[in-house]
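Peer 1: With chain S fixed as given, assemble chain L onto it according to the hints.
Protein chains in written order, with full-length UniProt numbering: chain S, 1 to 526; chain L, 1 to 526.
Possibly wrong hints are sitting among the right ones.
With a cut-off of at most 20 Å between alpha-carbon atoms, the simulated SDA-like pairs for lysine to any residue come out as follows [unchecked claim]:
1. K61/L / L49/S
2. K162/S / G81/L
3. K162/L / Q77/S
4. K162/S / R326/L
5. K162/S / L49/S
6. K163/L / R326/L
7. K371/S / H74/L
8. K296/S / D261/S
9. K469/L / A363/S
10. K265/L / K466/S
11. K469/S / K205/L
12. K466/S / Q372/L
13. K197/L / S236/S
14. K163/S / G81/L
15. K371/L / Y109/S
16. K61/L / Q46/S
17. K258/S / T204/L
18. K371/S / K469/L
19. K263/S / E80/L
20. K469/S / Q372/L
21. K263/L / V240/L
22. K38/L / L508/S
23. K162/S / E80/L
Keep in mind the hints are simulated off the structure, nothing from the lab. As the structure is a prediction and not an experimental result, all values here were calculated from the model.
Protein chains: 2
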Amino acid sequence: MTSMAGLWVDVTVQGWAGHPCNFVNAFPVILLDLLPAKNGEEATMQFLLELVDILTNYVRKTFDRSTKVLDFHHPHQLLEGMEGFNLELSDQPESLEQILVDCRDTLKYGVRTGHPRFFNQLSTGLDIIGLAGEWLTSTANTNMFTYEIAPVFVLMEQLTLKKMREIIGWPSGEGDGIFSPGGAISNMYSVMIARYKYFPEVKTKGMSAAPRLVLFTSEHSHYSIKKAGAALGFGSENVVLLSTDERGRVIPADLEAKILDVKQKGYHPLFVNATAGSTVYGAFDPINEIADICEKYNMWLHVDGAWGGGLLMSRKHRHKFSGVERANSVTWNPHKMMGVPLQCSAILVREKGILAGCNSMCAGYLFQPDKQYDVSYDTGDKAIQCGRHVDIFKFWLMWKAKGTVGFEQHIDKCLDLSQYLYDKIRNREGYEMVFEGVPQHTNVCFWYIPPSLRGMEHNSKEYREKLHKVAPNIKAMMMESGTTMVGYQPQGQKVNFFRMVISNPAALQSDIDFLIDEIERLGRDL
Amino acid sequence: MTSMAGLWVDVTVQGWAGHPCNFVNAFPVILLDLLPAKNGEEATMQFLLELVDILTNYVRKTFDRSTKVLDFHHPHQLLEGMEGFNLELSDQPESLEQILVDCRDTLKYGVRTGHPRFFNQLSTGLDIIGLAGEWLTSTANTNMFTYEIAPVFVLMEQLTLKKMREIIGWPSGEGDGIFSPGGAISNMYSVMIARYKYFPEVKTKGMSAAPRLVLFTSEHSHYSIKKAGAALGFGSENVVLLSTDERGRVIPADLEAKILDVKQKGYHPLFVNATAGSTVYGAFDPINEIADICEKYNMWLHVDGAWGGGLLMSRKHRHKFSGVERANSVTWNPHKMMGVPLQCSAILVREKGILAGCNSMCAGYLFQPDKQYDVSYDTGDKAIQCGRHVDIFKFWLMWKAKGTVGFEQHIDKCLDLSQYLYDKIRNREGYEMVFEGVPQHTNVCFWYIPPSLRGMEHNSKEYREKLHKVAPNIKAMMMESGTTMVGYQPQGQKVNFFRMVISNPAALQSDIDFLIDEIERLGRDL
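Isolated chain S, as found in the complex (with noise of 0.2 Å):
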């Protein structure tokens, strides 16, 4: 067992389970002596200490350029276990000091989401005050399911959801809400709210009390509408894609005949899906048309906003949700645009009290209604879950700290930051863009084309079969040399091609710029 970074002299004693163990003064050699251990308090807080000084070591990193994004492993090498560092679990506990190594090691081999040059997801950066609220929400770790074991947490959620309800139009911030484990989560709140609000026997009866209820959503929208109608007793069947433009937003006039199309075969269309920043393209669909066919027609119309959310904190942006205070639901997750650790997703709704009336079971063991307070505070009845995380504060905490003209700043500076790659790209040799014009979100869709394929006739198999390995082959080359990383995808008939999105606030123009350089860098020869 090797000393650990010089903080313990080679003293080696007998730990627990006999494990020989390194200490130097009062180190915690072993899990005895922590709290609740009497007088362990200056044990744990050494041992808490060691942690921290591997975190902030790891958050200074996070944040340095020359560090690489990650360290490449196949799942077989870290199974195999690599030096030191086991993932089996044993009978037997292990001393302390290798509980430390075991944690700067899981950090090592793991993915730095918050490096600048992370582009790879939706979710990306690391932002100190959030970290700092999910630090203490684990200290707190407490319950949002009443009031009573989590007071402050409850109203924050409370507030913040109004605020939120505001900002998306509602009159007086009035409505229903809560947040929930994730977009997809909160997307299936929605069906189900729809569901109950139309059909509330469906509740006690089954799907077997309504007609055939048929839900609609775009192509390009996010797979977990088509989940929750799977999951919720609808069938993915019944989960109908909508057309989109070029562009990759709903058709309006392709919603209507499908809906004409429903009920003429004697099925009941409930419920539309609206996408407000779609996963790949970043696409707003066009709320307000949507809006006046679901009035037309008597639907729910929700809008999935898990990724563009954020863009209405933005005064310059906000009106690609224009229509959005006629949604009857709106998912917006925090998680992603706003920099907010994973996870904070929230699920609104206009109506207030649906969400009770749509989950609540009055559990008498857990919701007594004598208790001393109020206990319309009480929340977890609404929820599906029971016990549920507490995923307000850090979000709650950086709201404080930025005020809501932090996150404006946040995402204006986001989508600069996207133009000036597409500015950069869109004219550049061995470059195509997936399609035309200036994104909406950050998402920025593009091939590049080696210049071994440049001259190729782009409609040939050959040359489409060769372009569809690029982006993989390139991102396989990125991940081995752990400079940087950023996703792709096909798209229907589209073959493999990148998908840029910028949400992590650490990004400068000098990071676009190195992430072309790279792409060419390792695309070059292929």
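Peer 2: For chain L alone, coordinates are given in the frame of chain S:
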């Protein structure tokens, strides 16, 4: 603005938004000094260390019996704003000093769920290793959906689930599973998978593709089964509640009778939930007898061990799970009895591959088949979520630090303590047990009878009405004085009684003594 605890001298400068701030040396007075700002390292480290100081002080006090469990305030009091603590969000940023004050106040007005005298929920305690795990998890801030961005965590989840399946007793630990955002969602998974197993076409065609499906669960079981029935389109009326014996355990003959009744009506009995550790009584349903019936009628057997699961790790107590290896699926929440910080819940499934079959939608933009590594490790598509919080690390780290034997010791100790409480009060004047005999889990359910009620006729309406108010009254006073917390609820025809549960590793016999003294002190004159 007051200077904090001597940490800053009173030098007032203008912060970002013009707020006056106090600072000492290079303490970061403005948000824009923090990373990713250029040269932001020092400011960031100082800010985080200030926070850690607040957090470690909180940890220290949590274990200090001379501090209160909570400092109770009504919702309106907190909403009106306490001195220096205002929950409202604003357009403009606050100073970082105020942010730290907000952190301190959030903890101050919260509930110390790790306090040795907090017995209010199934999840109690503050495990230092688990806390360390959560701090690291939030620093890593990644997402479980792909190996690509969570290589270490994905493997840890896989190994840990296998270990849990081995402990359940499935051959070679084979099978499937996933960590979900809580026991209710895990139970919902079990219902979805059961439906998929017997009626896979429901995934595409909806509930109309199946006969009327019926779920069975005990009247003492967790309400999440009913919620799942409502949400997934079965309808809550198709969740049949089973009668229990005096101890809250399902009566197998009642299950069989109700299955036959359902069949006679032409409906299809699909699924039985056997509870292993019920919420109120801590009862274990007889799994083997229920499994016999499930085999006879070709039904899915789910074991809800959300609360009881930890007992599987105790050689002394795991006999209560006898037959669990015959289950098709098991819910097991390490965040309850095993003291892992919230959230940490697993759904474990005997049949391999069925989770993906049930839930996958094969979203090409996320789960690309042409990656350079073995994409069978991209487990996201088997979840109903898309993004998924990293719940595994803290649990894995605790397992490393304690070993299986450490969890066993913790479980055995909690059950010993609960036996101590049971022995202490079962013949004590002024107490009446809700059910006879040693509890199966750590749940000790009892009425405290104040002296004024002791002579009364137990069956009289007046007695029942008075007794019904005793627990809420004592609980309210307990919360006002902040000395300890324990739950209460009615159950069926039984008026409000205390439900004591012990999962807190910090609790000692003296804390049990304290609770009883406190109940008597507060309830004496009722």
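Peer 1: Which numbered hints are broken by the structure, listed smallest first?
Peer 2: 4, 5, 10, 11 and 19
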